[in-house]
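Dock chains A and L against chain W, hints included.
Listed below, chain by chain, are the residues.
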Amino acid sequence: MKSLVDELLESYADCGGINHLTGVNLPSKMAVAALTQDLLHIIFPGFISEHQVSMADLPRETALQLDSLQKRLEIEIAKSLDMLPIAGQNAGSVTLDFLRKLPDVRGLIQTDVEAAYQGDPAAANKEEVVLAYPGVEAVAVFRMAHVLYELGIAFLPRMMTEWAHSRTGIDLHPGAEIGSHFFIDHGTGVVIGGTAKIGNRVRLYQGVGLVARSLAKQVERDEQGHALGGKRHPTVGDDVTIYANSTIVGGDTVIGDRTIIGGNVWLNRSIPPDSVALYEAQQLSIHPRQRNNGDWVI
Amino acid sequence: MKSLVDELLESYADCGGINHLTGVNLPSKMAVAALTQDLLHIIFPGFISEHQVSMADLPRETALQLDSLQKRLEIEIAKSLDMLPIAGQNAGSVTLDFLRKLPDVRGLIQTDVEAAYQGDPAAANKEEVVLAYPGVEAVAVFRMAHVLYELGIAFLPRMMTEWAHSRTGIDLHPGAEIGSHFFIDHGTGVVIGGTAKIGNRVRLYQGVGLVARSLAKQVERDEQGHALGGKRHPTVGDDVTIYANSTIVGGDTVIGDRTIIGGNVWLNRSIPPDSVALYEAQQLSIHPRQRNNGDWVI
Amino acid sequence: MKSLVDELLESYADCGGINHLTGVNLPSKMAVAALTQDLLHIIFPGFISEHQVSMADLPRETALQLDSLQKRLEIEIAKSLDMLPIAGQNAGSVTLDFLRKLPDVRGLIQTDVEAAYQGDPAAANKEEVVLAYPGVEAVAVFRMAHVLYELGIAFLPRMMTEWAHSRTGIDLHPGAEIGSHFFIDHGTGVVIGGTAKIGNRVRLYQGVGLVARSLAKQVERDEQGHALGGKRHPTVGDDVTIYANSTIVGGDTVIGDRTIIGGNVWLNRSIPPDSVALYEAQQLSIHPRQRNNGDWVI
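Residue numbers (our numbering), protein chains in the order written: chain W, 1 to 298; chain A, 1001 to 1298; chain L, 2001 to 2298.
These are calculated hints, taken from the structure and not from any lab test.
Note that this is a predicted model, so its numbers are computed, not measured.
Any given hint could be a false lead.
To be verified - Residues on chain L that point at chain A, a partial pick, calculated with CB under 7 Å:
(1) HIS2020
(2) GLY2209
(3) ARG2269
(4) ASP2274
(5) ALA2277
Note that the Cβ used here is the ideal one computed from N, Cα and C, for glycine as well.
Excised from the complex, chain W in its bound form (with noise of 0.2 Å):
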């Protein structure tokens, strides 16, 4: 076995860009998972535990929660800025910044609740939305991301959008700014980038995309490794309905107030407000089925 050990310590040595061997420690994605897990927890009280939380005990969980939740996001959160510090910053202060925010997203997120209730006759209670809607969970974990890309924090936001996009199909970058009463329903596919705007009350189906054009050129990036250039991605109004599988592209495109995009819709410029965008079934092609050697053609 002597050689093969050999073999892969020379390809540590001789591939470089996909080792982490010296320096700092990363954050562990494992860690990340359980915190990202436990903010949920304080987010939806009483939702996710195996047990029935009393109102009389409520005041000790959430004090014990919050003690365990702040030592373990200190620890990551000085991981990150080992990695890329920030002038003037330690963790203990930014996690403090972080843990004060948290009534506050919990008020956005409680509009997000309200739109996939009121929005989806599938939806028979609110309970059955926090139990069941991906798309809850993923913009719940992304308003707690955003608040740390916010605060300047690298890779920890990031990595908590992903735990969230590995349960859910739901690829939110954290730096994106998306308003109040945000719905995205299924969820499976969606992608927002990093400098996309979203109004409030915008409701997305599944496999909808605000993303950017590939210039397949090199990147130029600043210092702190961000990208040159500015905005990629597209601006969408208030009260925008976009269905499913609709492909949006670029940092100009403007979706206006109140317009809906059809599904399956790939688009490289603005729509004026108070529209509706799609492809009209006359444009398909419609035909009697037929056999070419007998195999059915397409």
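Chains A and L in isolation, oriented as in the chain W frame:
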């Protein structure tokens, strides 16, 4: 730390609808996940357990598994009935009614495995279909959840199909009616709404949605939380094939028997039987790549 | 409870094809999941483990990991060979052949990480790419599974890529041939069929499928279970970019070198090199929103 706890407790008092701190217990996500996994063991004996089950041990093993399942199912069903009672029903009798349907459910699932094996050249044998096809797992969980849905149980069936959704990217509402020999290939992004009707021998590819029109107004519901207004999702006939990423919208949309729908279609009207409906390649704009200010233009 | 058990046992006797109660053992899903996770540790040393690995400890840690991996891999490979033997091969020699290829596989994966970093403005550094990009994980698992597939091993490679599919929404059949510097961004819903061929420096976005025509008749297979009839999935040249949700169909479809395919395209014929193929925005029907009987019409 005290003030942080107080702020959160105030938020729990202020933000209704995303707490569940009083009243009856909700079904537990973790318990439902374990239950659904164990139900799959019962459906596919010998496929999932770590150790080999011999024919001699099978009766004893099956009895032990059923006994454990029955007790745990009854607990979760009781929670659903506490939230939304059904006149004349108790958790014990509903649990038995459900378990007695499992042999019939296995008969249907066998037709699904058969359809995957007969229809997919990538399947080398039926063992591979059961071991590795996410569509088979998602449909098996759906068929069990549908039985609970028909028995009137809230929460639990949707939590079961959402467990499968998280694992497979396939979102099947337990209310849908789906015929035999149903095959979802690859599957990520598939969505089938709760009032959809699907015939026998239907094949869907990844990203296909049978979804509702979204009317952007507040939903009206009855006392059980069910939406008023009837069928919102399409009807699909026998022997239909729908290719990847197509979205079929609306409760009065009907795809006729033996029809083929191409991929990436947005369809909000009916298609007759024995048809092919698709976008022709000549509708694409195809031109040489060109540069504009050094960037590729799309 | 007795009669319930008896009914299930009768169902096991009646419904063949979804039981596995006799004969040889199948590979275990749980064992394959743990193995694949541990292989990723070996590929990306220092990225996944909870504790920091020092350069001094690396040889000893690597030797221990390889020793454990070798034993467990041999067990699962032996199960595959029991089901579908290969003349002149035993599990021990196949396991060694596979492990000896890992340094080469790492070399290829390094090009994939490089392509993600160079091509995606959202990536701040290569550490973020390895820690948070699901496409990198799915392609790394695919590259290892492809080695096992080439060695003729059944079940195991597909179970490895399906483990990654469940985590990432990216479904890469281990039989596909994929060049260097391969980048799948976001990735949910991507499907690449087992006879697809992909060149170097190709970039795919979420929801892109390289898939087969479905001919709605029974598949013919050889003794090993492989479908007769040859190549069923497309060929993609070097330096091609395919935007989100596009579906490319058929074994004789070729996308030429340096060509760009827009999003949401359904394509069942070849596109020449150095082209752009997309739907123009003017093909969309864009009109003011209007109401019909109080509902918005789409």
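Here's how the hints hold up against the structure:
1. HIS2020: Status holds, d = 4 Å.
2. GLY2209: holds (5 Å)
3. ARG2269: holds (5 Å)
4. ASP2274: This interface hint holds because 5 Å falls under the 7 Å limit.
5. ALA2277: Holds: closest Cβ of chain A sits about 5 Å from ALA2277(L), inside 7 Å.
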